[in-house]
Amino acid sequence: MRGVFDPDNLLIKLQDLETIVQDENLWNDKNNAQKILREKSLISEKLDQYHKIKKNLQDSIEYQALAESENDQNLLNDLLINFSNIAKQAGDFEIECLFTGENDQNNCFVDINAGAGGTDSCDFALMLLRMYERFANLRNFKSEIIDIVAAEEAGIRGATLKISGHFAFGWFKHEAGVHRLVRISPFNANSKRQTSFASVSVNAEIDDQIIIEILEKDLRIDTYRASGAGGQHVNKTDSAIRITHLPTNIAVQCQSDRSQIKNRLEAMKLLKSKLYDLEMQKKKTALQISEDNKTDNSFGHQIRSYVLHPYQLVKDLRSNYETGNIQAVLDGKIEDFVKAMLTIQKNQ
Numbered sequence: 001m002r003g004v005f006d007p008d009n010l011l012i013k014l015q016d017l018e019t020i021v022q023d024e025n026l027w028n029d030k031n032n033a034q035k036i037l038r039e040k041s042l043i044s045e046k047l048d049q050y051h052k053i054k055k056n057l058q059d060s061i062e063y064q065a066l067a068e069s070e071n072d073q074n075l076l077n078d079l080l081i082n083f084s085n086i087a088k089q090a091g092d093f094e095i096e097c098l099f100t101g102e103n104d105q106n107n108c109f110v111d112i113n114a115g116a117g118g119t120d121s122c123d124f125a126l127m128l129l130r131m132y133e134r135f136a137n138l139r140n141f142k143s144e145i146i147d148i149v150a151a152e153e154a155g156i157r158g159a160t161l162k163i164s165g166h167f168a169f170g171w172f173k174h175e176a177g178v179h180r181l182v183r184i185s186p187f188n189a190n191s192k193r194q195t196s197f198a199s200v201s202v203n204a205e206i207d208d209q210i211i212i213e214i215l216e217k218d219l220r221i222d223t224y225r226a227s228g229a230g231g232q233h234v235n236k237t238d239s240a241i242r243i244t245h246l247p248t249n250i251a252v253q254c255q256s257d258r259s260q261i262k263n264r265l266e267a268m269k270l271l272k273s274k275l276y277d278l279e280m281q282k283k284k285t286a287l288q289i290s291e292d293n294k295t296d297n298s299f300g301h302q303i304r305s306y307v308l309h310p311y312q313l314v315k316d317l318r319s320n321y322e323t324g325n326i327q328a329v330l331d332g333k334i335e336d337f338v339k340a341m342l343t344i345q346k347n348q
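Under the working numbering, residue 348 is the last one in the sequence shown; the count climbs by one each step, no gaps.
None of these hints come from the bench; they were simulated from the model. The C-beta atom is built at its ideal place from N, Cα and C for all residues, glycine as well. Hints may contain errors.
Heads up, simulated EDC-like pairs for lysine to aspartate or glutamate below, C-alpha to C-alpha not over 16 Å straight-line [as the list claims (entries may be wrong)]: (1) 35 to 23; (2) 346 to 39; (3) 262 to 218; (4) 40 to 16; (5) 46 to 92; (6) 339 to 96; (7) 46 to 78; (8) 52 to 92; (9) 52 to 94; (10) 339 to 39; (11) 13 to 48; (12) 13 to 39.
Have a look at the derived ranges for each label pair, beta carbon to beta carbon [unchecked claim]: (13) 24 to 224: 48 to 56 Å; (14) 225 to 186: 23 to 31 Å; (15) 16 to 224: 12 to 20 Å; (16) 134 to 281: 42 to 50 Å; (17) 223 to 87: 44 to 52 Å; (18) 308 to 22: 43 to 51 Å; (19) 186 to 29: 55 to 63 Å; (20) 339 to 23: 38 to 46 Å; (21) 73 to 308: 40 to 48 Å; (22) 331 to 217: 45 to 53 Å; (23) 217 to 138: 19 to 27 Å; (24) 83 to 26: 41 to 49 Å; (25) 223 to 22: 46 to 54 Å.
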């Protein structure tokens, strides 16, 4: 764990930041002050988590020695479970130490859109939506569909998923790009092999400390009746909201709640995150989202392929990580793909 986490240096950094925070001139630059406070909070949180895991491990080792001396098999069995939990906590912590982006700890919005491939691409978009919902569940994150557009025959044309949880953006940001599916199409009477595409974009939810100026006169707000695939995902009322930011032509939608007010608030959060990301891209200090996020939804810009026929393989074209257990991946077990990308990021 110390290979990617240096508690001694972090403690020195924390002490330096605490000295800076005491400076009465700190708030002369509000943006810099907010950045320093966020960094201080994150370092303090990491140190607390590290010491908590370390103490738990030390206590368990002491209990193990006691249990072995007294031949207490029940306690030894409980300790085996505890050691397994500690190993998982340490593994997760090691990964989170690789999340170094400014907004990695934030919630995020995941946009999924069907691309080339007709009905198969719409079905693929729905498969990706379910995959991300299951991944969020495995990470104990909260996932909420805030917008979804059903396709005519099957699947979805697009959806926006909000992921809430610690380091949600860090876990999801490398999913941005074009995904490719190859399979025997269930929608083709001749059972031909079909290649289809879907694009994914990921934006961090921006906290209230970051000021994004949005003028009311720059917004067009439309209401419409919610509609979605499956029925259980959305409330079919007239409370759905679409907000268009006229200067940039960025449009966001939310239909997750029966309350028009709540949908508007959620849509504004999504708009704020997209405007922030746009500004970061302009300054060339983007939120570490792949440039593929901004490219065409086509063969030449894919980041990952999912092949179901003539063989089964999921391969990330950036890290070259691959697995033949495609069903597990579609069931949300994409953690190893994230780890592979983080390893590349660390070594760059």
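Each hint tested on the structure:
1. 35 to 23: Answer holds: residue 35 to residue 23 is near 15 Å, not above 16 Å.
2. 346 to 39: Since the Cα atoms of residue 346 and residue 39 sit roughly 19 Å apart, the hinted pair is violated (cutoff 16 Å).
3. 262 to 218: violated (20 Å)
4. 40 to 16: holds (9 Å)
5. 46 to 92: The hint holds at about 12 Å.
6. 339 to 96: holds (10 Å)
7. 46 to 78: violated (27 Å)
8. 52 to 92: holds (14 Å)
9. 52 to 94: holds (14 Å)
10. 339 to 39: Cα-Cα ~23 Å, so violated.
11. 13 to 48: holds (14 Å)
12. 13 to 39: holds (10 Å)
13. 24 to 224: 48 to 56 Å: holds (52 Å)
14. 225 to 186: 23 to 31 Å: 30 Å Cβ-Cβ, so the 23 to 31 Å window holds.
15. 16 to 224: 12 to 20 Å: Violated, at about 52 Å.
16. 134 to 281: 42 to 50 Å: Check failed, 30 Å falls outside 42 to 50 Å.
17. 223 to 87: 44 to 52 Å: Distance hint for residue 223, residue 87 holds at roughly 50 Å.
18. 308 to 22: 43 to 51 Å: violated (59 Å)
19. 186 to 29: 55 to 63 Å: Holds - the Cβ-Cβ distance for residue 186 and residue 29, about 58 Å, lies within 55 to 63 Å.
20. 339 to 23: 38 to 46 Å: About 39 Å separates the Cβ atoms of residue 339 and residue 23, which means 38 to 46 Å holds.
21. 73 to 308: 40 to 48 Å: holds (47 Å)
22. 331 to 217: 45 to 53 Å: 47 Å Cβ-Cβ, so the 45 to 53 Å window holds.
23. 217 to 138: 19 to 27 Å: The hinted range 19 to 27 Å is violated for residue 217 and residue 138, with Cβ atoms some 44 Å apart.
24. 83 to 26: 41 to 49 Å: holds (44 Å)
25. 223 to 22: 46 to 54 Å: holds (49 Å)
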